[in-house]
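Protein chains: 2
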Amino acid sequence: MMLGAVMTMGAANISSPNGEIKLHVDVNPQGQPYYNLSYKGKPVISDSKLGLAAQEAKFIDRFTILSTDTASFNETWHPVWGEYSEIVNHYNQLTVNMKNVDGLLMNICFRVFDDGMGFRYEFPIQDKANYLAVENEVTEFNFPGNNTMWVIPGDYDTDEYLFTETRISDVTEALKKYNGVHSESQREKALESTVQTPLLAKSDDGLYISLHEAALIGYPAMQLDVDTATYGLKSHLTPDRLGVRGYLQLPFNTPWRTIIVSDDARDILASQLILNLNEPSKIEDTSWIKPQKFIGVWWEMFTGRQKTWAYSDDYRAKPGVTDYTKLTPNGRHPANTENVKKYIDFAAENGFNGVLVEGWNEGWEDWASYRKNRQFLFDKPYPDFDLPYLREYAKEKGVKLIMHHETAANAQDYERQIDRAFQFMKDNNYDAVKTGYVGAIIPRSEHHTSQGMVDHAQFVIEKAAEYEIMVDSHEAPRPTGLIRTYPNWLAQESARGGEFESMGGNPPSHTAILPFTRLKGGPMDYTPGLFQTDLSYYNEGKTDKAMTTLARQLALYLTIPSPMQMAADLPENYMRFPDAFQFIKDVPIEWRDSKYLEAEPAKYITVARLDKNSDDWYVGGITDENPREAEIDFAFLPQGEKFKATIYADAPDAHWDTNPQAYSITTKTVTSKTKLKQKIAPGGGFAIRLEPMK
Amino acid sequence: MMLGAVMTMGAANISSPNGEIKLHVDVNPQGQPYYNLSYKGKPVISDSKLGLAAQEAKFIDRFTILSTDTASFNETWHPVWGEYSEIVNHYNQLTVNMKNVDGLLMNICFRVFDDGMGFRYEFPIQDKANYLAVENEVTEFNFPGNNTMWVIPGDYDTDEYLFTETRISDVTEALKKYNGVHSESQREKALESTVQTPLLAKSDDGLYISLHEAALIGYPAMQLDVDTATYGLKSHLTPDRLGVRGYLQLPFNTPWRTIIVSDDARDILASQLILNLNEPSKIEDTSWIKPQKFIGVWWEMFTGRQKTWAYSDDYRAKPGVTDYTKLTPNGRHPANTENVKKYIDFAAENGFNGVLVEGWNEGWEDWASYRKNRQFLFDKPYPDFDLPYLREYAKEKGVKLIMHHETAANAQDYERQIDRAFQFMKDNNYDAVKTGYVGAIIPRSEHHTSQGMVDHAQFVIEKAAEYEIMVDSHEAPRPTGLIRTYPNWLAQESARGGEFESMGGNPPSHTAILPFTRLKGGPMDYTPGLFQTDLSYYNEGKTDKAMTTLARQLALYLTIPSPMQMAADLPENYMRFPDAFQFIKDVPIEWRDSKYLEAEPAKYITVARLDKNSDDWYVGGITDENPREAEIDFAFLPQGEKFKATIYADAPDAHWDTNPQAYSITTKTVTSKTKLKQKIAPGGGFAIRLEPMK
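The listed protein sequences derive, respectively, from chains Y and U. Our numbering applies: residue 121 is where the first sequence begins, and numbers increase by one. Our numbering applies: residue 121 is where the second sequence begins, and numbers increase by one.
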């Protein structure tokens, strides 16, 4: 041994409950902890070091293993909402307790499931360390080969990117295409070989591997530095703007680092590993938490019709200072009483729970964000938004208004206003809020994904729970399964969503990779349901074209499930296609069970889901830019029962680019023995409703 | 002219109402605005440039004067409390409206009073600029000669320094003595020729000149860079940690830059110019605002008796996480029920309004401050502090407990907790709070005096007003007369206070310069009233000796007036000197009128004050380390009336070092014709109560 003082106690090994995943943990001759992982005998992660460096103490090397603890756990729990009504949480646990020659104590806890593994650092109370100003975490995920990966570029402030498919060896080159489009912080830091999680990898021997984290609390988000020569990935924690990655007081447990693995892509989609690694709900009475399907005053601002969030064009208006009733209205402000009333009517007529209204409050006249100390007031409606009237009108119609809190990334000012803002919501009969953090963060020491903003997100969700408010957060740190702990956190954006169809478009592969990546953290407010996909329709100079057929938009309600699900298009467009719109009206937003039938990353997904509140099944499928024939095996249906299938499909000549609105609606009877070949157009999709026949 | 495009419209001149102060404003050939100021024909400030540079626009040069506006103003207003029951606000105003060749508009508003001048930049709404990220303000205060100055070193985070007397030419050398004692930020930035305000200067031709600012709102604090060669001082705004001095949206008015001037040092003390430049009270009903004299569980922690704010010695305790009832008490924690009960008894028996208790709440076990994200909870009493019992006990005794909120400089977390904290206060019958910001600031982008913390202070004082809470803030941005606008802001620390008598001592000159400097911004919670000045008395190894006689401590109640005034010593010490203690019991804390009888900076002050609520006068006087004979002319008394004077004076052999507790109490009858020569010991003082004789 190199260092005489270090003596290893011996390696530790543990397997998944079904024995197919094997983990090996040890310390090397330098006393550096490491692990490796295999699946059905194939290497998933080769020897990869573990540790954390803080200003005060280096938990890196010269460790010996003091002891190991093992345990098994098996429970079935019931989420408040989601893709499943019950989730099995079954794992074998190994905790490796270590001490180094400086007397520093570090325990690493591994949980091995049948679908992967999570591990975290647990720093116990100890004499040699109390506070840690984190310099870096040295967690490695070394791949044994030059895997293919689907990644977005490293960035401390945004994740609204298209994914890139690349070999590990080509990551640096592949990320160059983002030059000029990524956020200021990414440019600044030149993260040229850094990628974000959740990422998906595929090995040449057929393994699908998802890397992410679970239960991100009190710690910065993890990105990954890629070594293109060795195929190694290494933790890269988001620093604050002063360069520190986080401030910890012991005892402290880091978030879980997660590896989901299978030789079947469908298992990646079905995995509940990340939810399982989160703590159970902190909210005892969850009866007030209600999934919701909603429409909103929102897409109008993207269509090219020159509609604005702002009431006036006077950029010098200052919320709380300016008398807004004296401003000249710009006449292009859809968040006005008459228009919102129409949305409420439409929601009531078509069974939507809620109406989101963006641009209802003071502060949109200019967009200074980082350069000012207050941009928005959350209790000051614009003069043309008659809230007392609309509150009563919505109540009468049985519809809820959904609040919008765009903070312009001024988290500090939002915290100052939050009690008043939430009380204002309750006083006006709102119980859900869409939050936004567009711009550079205030406090100016923070990034969107640094520890301070992770703490802020927790502060907001807990404060919301106090007020019994549900949250749909945009531009917040990407989700890590915290919806289990805070089920009032219905959805997040945290990816390039449907709005980009008006800003360059989302290639069909985008929505075929999101479920393998971003969605592993939790539901996304993707805003599906665009029927008018060619924006030149509005005849206002906009030439963007959503890269989707109309039928595919219906499928997204199944492939991107969310308990806070929008029908994003304008009511007038739904009224043009009432038969297709019927599917959006019918489709549930919480599920008793889900079955992934077909899947390949960025290529195709076919999924079947059972309504939580009826015996109806739904099947949805999408492809990428290529045509495809889905093969649907209805074996998931209860044996011996007949179902009426209503099939919303691309017409034979449909094509996202040339003929997006060509769809067919047919019915057929199916049973558990039926096998159906369903054609999908380029950029297309299909959606099926299955109703038990009496 | 150098720049052909620039044409000056002509100089502007204005005088004070009595004509003795003359201001001249013009733009120079480069189009740079400048001013100069004279007093009785003597130059106070020679030509000094004006302007502000932002990232977006430079309001520096190539200006022409578009127009000038003049106005006069004369009002008498009545502060809620203070040294005077009425204050005359009488000035002539000149506003110089300028435009530069880039089209930038800047107005500078000057107000000239009989006791000095204030000016501010007023940036109107304009087309060429909306937001300003301030790079620097170029305001100059150029002295015509090598004045003597009393200064403390530039520092973004603390002002708790002893003053240094120095010629301008020697500032750099004089500030070297602070090496090693100033705060981290001062070391970092090497502010080797920068000083803080309020500062006092004295010219060789006998002028006393105070420089400071008024109404510091939404802007960083101003320090001053000294040019030792030219005798010029120049604005140095505190930046945030990212280097920006402030974010403004137009229209915006800066704080006032203030110059108080006289050939009589007493006028500097009497000047109300800074209050006059602040806005009237924003609080309409001020009936709940009550000046208070208080004692507190506080000095016990300084005496050397090893008493602690912390309940336990377990430095690993985490507020809100640790079960404090399971910690081992350290037995040295004075904020316990029994002890506080004794303080309540003592307060009730001796007519004090309040009892401050420090160390009552969770979080003192360790002091991590900047390294952790939550240090204190403001609604969690320690297990040995029975608040429900003490609340009722205090109520019964007619005494108010005074809250203590030490934030460990985590302003962001304080904002998160503040509503809960203030509600907790009201629920427990507290109506005043002492706040503290010890350590480096969180948000980590801020300094104690950067714009963000100025905004925080405003947020706290306005929030406190909502709850009808009075504030005594420590380690906040130094005061600028905002007590006029927020009369619930009873006092601040913002200087080296009495606590330093246990940490190196305050030389007698310190309390003789504070009223000329720090106190111009507003009252100080100096914590006078130390009777046991030799800390070796406690026989616990502490050798510090307060540099004061006992009689001087009584005088401080008059020379450092405050509506939130402490009797800082332990009750047991007051009981040892009940006759001297009588003065502390008697002395008022708000005044109908004040007359400064004698004054020389850092040397001596004699002041007479008339009780606001009776016809009693009080006279107090102090000297520096030299003995002195004050000459008190009682001409301020109403003619023809007799007063019984109770004189608390140094005994003939008293000396701060060798015999501090030697005092005499004598009585004598005085009238407006009396002249009294009163001896003062080295480091001594005297206090006189004058009661009308019936």
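Incorrect hints may have been included.
Which copy is meant is left open, so a pair is good if it fits within one copy or across any two.
Using 20 angstroms as the maximum straight-line C-alpha spacing, the simulated SDA-like pairs for lysine to any residue come out as follows [said to hold, decoys possible]:
no.	residue 1	residue 2
1	K793	Q759
2	K248	A488
3	K583	Q543
4	K438	Q578
5	K402	S792
6	K500	D713
If you're looking for bench data, these hints aren't it; they were derived computationally from the structure.
Now the hints, each set against the structure:
{"no.": "1", "hint": "K793 to Q759", "verdict": "within (8 angstroms within a copy, 115 angstroms between copies)"}
{"no.": "2", "hint": "K248 to A488", "verdict": "between (46 angstroms within a copy, 15 angstroms between copies)"}
{"no.": "3", "hint": "K583 to Q543", "verdict": "both (11 angstroms within a copy, 16 angstroms between copies)"}
{"no.": "4", "hint": "K438 to Q578", "verdict": "between (29 angstroms within a copy, 18 angstroms between copies)"}
{"no.": "5", "hint": "K402 to S792", "verdict": "neither (40 angstroms within a copy, 74 angstroms between copies)"}
{"no.": "6", "hint": "K500 to D713", "verdict": "neither (43 angstroms within a copy, 45 angstroms between copies)"}
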